[in-house]
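Protein sequences appear in the order of chains A and B. Using our numbering, you'd call the opening residue of the first sequence number 1049 and step up by one each time. Using our numbering, you'd call the opening residue of the second sequence number 522 and step up by one each time.
Mixed in with the good hints there might be a few duds.
Sample of chain A residues lacking proximity to chain B, with all beta carbon distances greater than 12 Å (derived) [unchecked claim]:
{"no.": "1", "residue": "Thr-1069"}
{"no.": "2", "residue": "Met-1117"}
{"no.": "3", "residue": "Pro-1147"}
{"no.": "4", "residue": "Asp-1243"}
{"no.": "5", "residue": "Ala-1258"}
{"no.": "6", "residue": "Thr-1267"}
In the SDA-like style, the derived pairs of lysine to any residue whose C-alpha atoms are separated by at most 20 Å in a straight line are [claimed, not checked]:
{"no.": "7", "chain 1": "A", "residue 1": "Lys-1363", "chain 2": "A", "residue 2": "Trp-1332"}
{"no.": "8", "chain 1": "A", "residue 1": "Lys-1183", "chain 2": "B", "residue 2": "Leu-668"}
{"no.": "9", "chain 1": "A", "residue 1": "Lys-1201", "chain 2": "B", "residue 2": "Glu-733"}
{"no.": "10", "chain 1": "A", "residue 1": "Lys-1183", "chain 2": "B", "residue 2": "Ser-748"}
{"no.": "11", "chain 1": "B", "residue 1": "Lys-834", "chain 2": "A", "residue 2": "Thr-1182"}
{"no.": "12", "chain 1": "B", "residue 1": "Lys-828", "chain 2": "A", "residue 2": "His-1137"}
Chain B is nowhere near these chain A residues, computed Cβ spacing over 10 Å in every case [to be verified]:
{"no.": "13", "residue": "Thr-1086"}
{"no.": "14", "residue": "Ser-1107"}
{"no.": "15", "residue": "Ser-1133"}
{"no.": "16", "residue": "Ser-1150"}
{"no.": "17", "residue": "Lys-1176"}
{"no.": "18", "residue": "Arg-1196"}
{"no.": "19", "residue": "Arg-1200"}
{"no.": "20", "residue": "His-1242"}
{"no.": "21", "residue": "Ile-1265"}
{"no.": "22", "residue": "Thr-1308"}
{"no.": "23", "residue": "Glu-1334"}
{"no.": "24", "residue": "Leu-1336"}
{"no.": "25", "residue": "Lys-1350"}
{"no.": "26", "residue": "Thr-1359"}
No lab work stands behind these hints, which were simulated from the structure alone. For every residue, glycine included, the Cβ atom is placed at its ideal position computed from N, Cα and C.
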Amino acid sequence: MADVHIKGVSKAFGEHVAVDTLDLHVADGEFVVLLGPTGAGKTTTLRLIAGLERPDTGSIHIGGRDATMLSPAERDTAFVFQQYSLYPHLSVYDNLAFPLRSPARRLSEDAVRRRVEDVAKMVRIHHKLNNRSTKLSGGEMQRVAIGRALVRKPSIYLMDEPLSSLDAKLRAELRLELKRIQAELGATMLYVTHDQIEAMTMADRIGILADGVLVQIGTPRTIYSEPANLHVAARLGQPAINLLPTGLLPDGDMPAGTKTIGARTEHLSIGKASNGHADGVVDWVEHLGDQNHLHVTVGTKKLVTLTDPDTQLEKGDKVIIRYRAPLFFDQAGNRIANR
Amino acid sequence: MLNRTADSVARATPEPLARKVRGISDKGLAWLFISPTILLLLAINIFPLFWAIYLSFTNYRANRPNEVVRNVGLANYKRILGDQDIWIAMQTTAHFVFWTILLQTLIGFTLAWLIDRKFRGHAFWTTIILVPMMLSPAVVGNFWRFLYEPQIGLFAYAISFVTGIPATQIGMLSNVSLAPWSIVIVDTWMWTPYVMLICLAGLRSIPEYIYEAAEVDRASNWRQFWSITLPMALPFIMLAVLFRGIENFKMFDMVNLLTGGGPGSTTEVASITLKRQAFESWRTGYSSAFAIILFVAVFGLANIYVKALNKVKQR
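The task is simple: from the sequences and hints, build the whole structure.
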């Protein structure tokens, strides 16, 4: 394992700037998740580190060694692609053994077998080692692909939305597995996703990418509770954060220059109006089973928050809404720290 | 309102036709539409096949239509399978098929692999390479006969220029040991592009990310070729071999134009023998039996081969 240091890296495809002067440091044994929408430059960042793309400017150091101009083979990274990039004519065993049989390694077939079987157990595919890789289900294929990255002990694991093509149940399962495996191996891992739950649950640190720029990087807690700007705030939280203009509700103690107030569920207290005064009307209660989404109209704005499964509120109820230490954003959309 | 429109449309349809069409079921209509094709197939494919099977059991001669046709049973088949000349012709055919397919596959795949590098102007070169395939075999046969001319031919000139052997001694079509190769060369020249096209389709079907995965997995170009490119393109290569194999097994036009089976019978492939028996010796019954044997042989071999192909595809 090793750390990866990206300094001022840019990459453009024609007119389109995919990655814009990116600085990123992934420490040895750290699990960093890059989160962003499609086209934010997440995949390009991974491909730059793997050596599948060459940066226009900047440098990439892997394990302290300048790797900017090295070929993918010389960099010793492991890559899990979004598509199941298995070698279709090979068995699961041979797929897993493929990286170990590189002439650069000179492992005995015995050592290869031991390693493959270990990893196959780790990703829970050992019962299908002799199957053709094309005869597997989607989840099994992706586990083989992850396993193929794990058999090697590379300087860094690069994962490009490895779970995005799986169904929800399997995704939740593999999410836990991956985190467990990473912790077990003490692996350095850079993981790309557009799924906030994956980011929140697995990452040591989350990097938020937008239009090729790293907007903010920090622990999941920091990113969630102290977002740098509106963009970051909008990426995390379910239901999404409510962004309201000042003056819509009683603002309370508000820092100077506040233009927008960001309120997640925990920033709002909602109660049934009792004495005739009301801030909004319940639009609709969305029953999700373990929780409810409460849709409220306040003036011309709509609010969505979580509420108890056994809430007494019903459609048409008048409610009083108060902020509880919400987030404040200025004209440019940057967050203003309280106090 | 709507009813009235429907009524007026019904009234506008000519009465006899409407009555006729209305009586036909969907299935009947389907048969009506495909019947011309089926009739045509029956007339020019199926009927001749069965007629030939019938003739193969007789002593019928097409140049003596008035003679009594006698049923001779399996006599024709027995004579063919015991005939030395037939076996030599089959051997010549096998050699010819083997070498043309070997050369066309090797050269065709190499060209496809090079074109797939997507270098500058690869589209232009693809078009240039495809030209021979687009020509008519009659044209190709004729102009290669000129190219092979010892006195005026460019081919003989070029060979003598390189090797120093006098051009007049390079009788590609008259020399017993060169004549088979002259046909192999022309067939390869003409049909390699075809093999290349199929191989190219195979190479293009391999997704880029498999190569990228292999590159990250530290597989050398050599290893990528043997463990990704070749196995994944193999079904396509096999398909090209199948098409060319069937085609060359019954090869007639080029041989007939270039050497006519000569010199002697060195290039007499099965189809040339067949033509000689059928239209020079007029042994119609005998040659029908030979044609049936050839047909069964190609059909059987192709079937075995297709089974193998399916196995490869299912891997």
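Item checked: Hint check, failures only -> Of the numbered hints, 3, 8, 15, 16, 18, 19 do not hold.
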